[in-house]
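Engineer: So the chains spell out like this:
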Amino acid sequence: MRRWVIWSGVLVAVAAAAVGGYLWLRGGNGATNGTSADAATSSSAPPAQPGSSMTEARAQRIERQLVSPDSNDVADVLASSVKAAYVKEPGALLPAGAMMHLDVARAEQAGQDVLRVPATVTGSTPGAWIVLVIRENGEWFVLGTEQP
Amino acid sequence: MPRTILLVAAVVSTLVVAPVPSQAEAADCTSGSLAGRVPVLLVHGFNSAPSTWGFGDQHPGVPSAVKQLCSATTHVEGFDYSAVHTEWVTDNRIGPALATAIADLAQRSRQAGGPGKVVIVAHSMGGLATRCALDPGCGHRSVRDDVAGVVTFGTPNHGTFLKSYGLSLPEGVLLRALSGQCVRRFEASLCEFVDAIATSPAAHAFTPGSGEEKRLPPWPQNLPTRAVAGKITLTTSLFGHVFQLGDVGDAVVGVESAHGDAGARARTVDCGTVGVAAFFKLQAVVDISCTHVREPRDPRFLAEAKQVIEAAPKGAVSHPGGTPSLTSATINPFVGTWFAHGGGLDISADMTGRQKISIGPCVVDNLPDTPYCNQVVSYRFTAMNAQGAVTGTVIKVGYETWEGGRPPAGFKPDGDLGFRVGLPVTLRKPKKDMVTVTAGPAAGLPFCQLNGASAAAGECGA
Chain A
1 MRRWVIWSGV LVAVAAAAVG GYLWLRGGNG ATNGTSADAA TSSSAPPAQP GSSMTEARAQ
61 RIERQLVSPD SNDVADVLAS SVKAAYVKEP GALLPAGAMM HLDVARAEQA GQDVLRVPAT
121 VTGSTPGAWI VLVIRENGEW FVLGTEQP
Chain B
1001 MPRTILLVAA VVSTLVVAPV PSQAEAADCT SGSLAGRVPV LLVHGFNSAP STWGFGDQHP
1061 GVPSAVKQLC SATTHVEGFD YSAVHTEWVT DNRIGPALAT AIADLAQRSR QAGGPGKVVI
1121 VAHSMGGLAT RCALDPGCGH RSVRDDVAGV VTFGTPNHGT FLKSYGLSLP EGVLLRALSG
1181 QCVRRFEASL CEFVDAIATS PAAHAFTPGS GEEKRLPPWP QNLPTRAVAG KITLTTSLFG
1241 HVFQLGDVGD AVVGVESAHG DAGARARTVD CGTVGVAAFF KLQAVVDISC THVREPRDPR
1301 FLAEAKQVIE AAPKGAVSHP GGTPSLTSAT INPFVGTWFA HGGGLDISAD MTGRQKISIG
1361 PCVVDNLPDT PYCNQVVSYR FTAMNAQGAV TGTVIKVGYE TWEGGRPPAG FKPDGDLGFR
1421 VGLPVTLRKP KKDMVTVTAG PAAGLPFCQL NGASAAAGEC GA
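First to last, the protein sequences are chains A and B.
The opening residue of the first sequence carries number 1 in the numbering used here; numbering runs sequentially from there.
The opening residue of the second sequence carries number 1001 in the numbering used here; numbering runs sequentially from there.
It should be emphasised that the hints constitute simulated quantities derived from the structure, not laboratory data.
Positions of the beta carbon are idealized from the N, C-alpha and C atoms, including for glycine.
Watch out, some of these pointers could steer you wrong.
Stated by the list, open to error - Straight-line distance between alpha carbons at most 27 Å, and here's what the computed DSSO-like set of lysine-lysine pairs gives: (1) Lys1231/B with Lys1214/B; (2) Lys83/A with Lys1231/B; (3) Lys1306/B with Lys1231/B; (4) Lys88/A with Lys1231/B.
Claimed, not checked - Listed next, the stretches of chain A that the computed footprint assigns to chain B, with coverage defined by at least 3 CB atoms under 8 Å from CB atoms of chain B: (5) 54 to 62; (6) 111 to 121.
To be verified - Have a look at the derived ranges for each label pair, beta carbon to beta carbon: (7) Glu1310/B with Asp73/A: 23 to 33 Å; (8) Gln1244/B with His101/A: 27 to 37 Å; (9) Pro148/A with Gly1272/B: 19 to 29 Å; (10) Ser80/A with Gly1272/B: 21 to 31 Å.
From just these sequences and the hints, can you work out the full model?
Structural biologist: Next up, the structure:
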């Protein structure tokens, strides 16, 4: 019983630390309450807000260039911080012949000017992905990918 | 499922620490005698409280700074400015109040036969509060000699990147990710509250290059300081190809800012690597072992503090014979306000003294009702001789009216008390509640300490 009490305390402390860390980053440093901790464990995310969606033309350009064997094409659609790292180790990200489709209609807002866009890759290594895009100077660029 | 694993892993990682003292040992460390113990003062940060160090923890098994720093040779206390944590450190309730707390702890240590020199462990803005406290101009008193060393964790010496860095930099990506947490997961009212905090005086001062930051005094020279920074490396993955984007400090304060001007005494704790995609989920904050708010309980940070504490003097400072340099520990018996014969003597811990002696009406042209004047003599004490007497010289002689200010032109004192710049002076404490000052060849003038009230000459026993 006592061990469970201790573990429960630790869990609460860790959750509070996590929320506190976030709050500090937003300008605070740990002032929190139970509702925020509860809310933090929610897994649902809102759809992209009006005005934050990606145009079809921009989506098609990312679809085409991110899977290109030409590293210049790839670099051209990467967020600046990612591009700086990529150009040091350039190369094709997917095998030749790979195709990608972004499902912009199902994009979710992940942060300020950041979207999580579901993507489907076809070719020799097919699969479902989430493409993280970030808006810089009014245009969308790729920040990373993850598997859903 | 993955989130559950991460959470459990985070919990387990917080439990893997060095052995901690028992509850009884911890209690004795925070409330028992200071004799033979290094006094340690823990200073929390912005939007925080002493509880960040583990004061008041109810669970003996949960690691905390208090438990990890407590030992048979330490006495641990916390400085609390949680009621005004959003104010800038020069606020009288933060930096100057901390200076008072340092002086108080040092004095209690000396009175208990301890070293009388405090080790300060400060987190985040607490380090900036300490910089203010250790500067006589900012802290409003001189406590440099009351401090054996300072350790800072994640102190934003050059501000926090979250206030100004470009959004295309890794830090900017991090900021956007965390902004997204507010959009996605938190109540609007809470976000408004947090945004309001971001506009507080302290938050404004955190902007790199801010006027407040530039005006803050540097660390005193020759003070043993250790600046510890957390370093989280941010990566991204593109279809399984991983690229390093750079480090984001401890997710609040960059490494360079946390190191400040510590130079060779700067330390960096490697907090590991995190993918940028994970930062867009709260799990990342849980997953990283030493984000900013976790530093006060992180064993690697506290290990740095322990090293400074172990290097600090543990016993009373002694001066066996010879003419040792004066220290706050040796001058302490004299520090205070002493009165006798209508004159007052203030001696500060910075080894300076100021004696005010009434020397008669400021008679000018034989006009009636002219105010009284005081002769004000300033001393600087520099050494203690083998007999325990403090020696020094007169560094300034002046006059002021009874009401203050400068004496009228042409004023001549009733008599010449013999004080002049360069005159050697000796301060002795012949018995309890009494000091005597001997200036040059003049006879010693007795002064009695009577809680701020002037004493009659006879009470001094002179």
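Engineer: Broken hints, numbered, in rising order?
Structural biologist: 5, 7
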